[in-house]
Amino acid sequence: MTLREGPGFLVRNSADGPWAGWTGSRFLEEGLASVNAAPGRALARLMRLCGQLPGGLGLVWDHAPAWMEALPPEARQGWWEALSCMPGLSLHLEAATASQLPGGAFRAWVHAPTPPGEPWRQGTVGWVRRTGAAWKLPDLGPTAPGEEVAPGWLWGEAIVPLGALATRETAEALSTALVEAQGEAERGMAQRLAAGAWTECPFLRRSVGWRLALTGGLEFQRAGGHWPAAFAQARALAALLQERLRAPIHLGASGSLPAAHLLGRQALREGLPWRASLPLPPAPGAFSPGLSADARDPLPLEARAQMPPDWIRDLDHPPAILLRVPAVPSEAGAQALLERLGDPPALRWLPPEQPPPGPFDPDHPWAPCGAFPFPADPGNGEQPSLFVNLD
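My numbering numbers the first residue of the sequence shown as 179 and each following residue consecutively.
Simulated from the structure, these hints should not be mistaken for lab results. Just so it is clear, CB atoms sit at the ideal spot from N, CA and C, and this is done for glycine as well. Don't take every hint at face value.
What follows is a list of derived Cβ distance ranges for each label pair [unchecked claim]:
| no. | residue 1 | residue 2 | range |
| --- | --- | --- | --- |
| 1 | 519 | 265 | 38 to 44 angstroms |
| 2 | 229 | 300 | 28 to 34 angstroms |
| 3 | 362 | 185 | 42 to 48 angstroms |
| 4 | 265 | 312 | 23 to 29 angstroms |
| 5 | 380 | 300 | 36 to 42 angstroms |
Generate coordinates for the entire structure from the input sequences, incorporating the hints supplied.
Right, here's the structure in full:
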């Protein structure tokens, strides 16, 4: 992975191919005639593809393979656990597919109109609200509409703090950096294909895009930023990049902690205008990842999961929000949270028996699990008003 830094942006991409991508599950069994050898060979095929994508791979499970039924229950459970523990892989399922999976330690995102119930509240799976035919993959992008999920690719990711969107210098420098990065990646990918060093997954040049990811939402809100104006500036920047790159631009949010820290230190080091929204010393001068509050701070659930107004209209795919709680939330408490959120992002619970994800920052550690406010049960967790029964 290569990293380019400019005034108000970071660009992450691969030097000789796509940086990230997604595909349906049918390519796993293409050309595999042996039922007994298919599971292991399918995992090997997937591992080779993940090894070539430093930004990760989204695997959308959109079919039922015949060889899965031939496996014994223990082997099938182990296969799913190995699949979901693969580095750089995110597994995406429909509700009907998730209900048929055996028990185990597998992790996935379930795309459904309603939450998947107890497995979601226990932190086994995350939930993405699905309202249309296309799959919207957190931290990656939207898939093309169709019965089967066609392979999609990203040349890279550009991360921009919300305060830098209004600066013309940032837009010009970012477009120049992306043009250079895309040219290098296209030439490297051409040599890779000519040498036969690409996997069996089809690669179509016209479908490769970029991801424009926003960060620093907490600092932007504390500084009195106007969300509609920021989203309008982000859409204008995406339109400019799409015109110059001749490639799709997927607008989303960045949950990368190292990238947010680098952009915060850059703003303070170079005296950039948007440094005023950063916290004052001795607090570390770093942006918070994403558009909401930092998941490591013991703030109310609404502050950690609340999205800007009309975000679902302006972003191409939902942000991924991790909610740490001191115990498994009740069904009523989780439902009350969803009602207060309105349009929820992609949500995943983190009960105390599950360790928080890295990277771990010594300057900003995770708060103890007992310090996180618990989701209140609307039946007994909210104090009624003194005047509720007053005629």
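Review point. Where does the structure disagree with the numbered hints, that is, which hint numbers, in rising order?
Key: 1, 3
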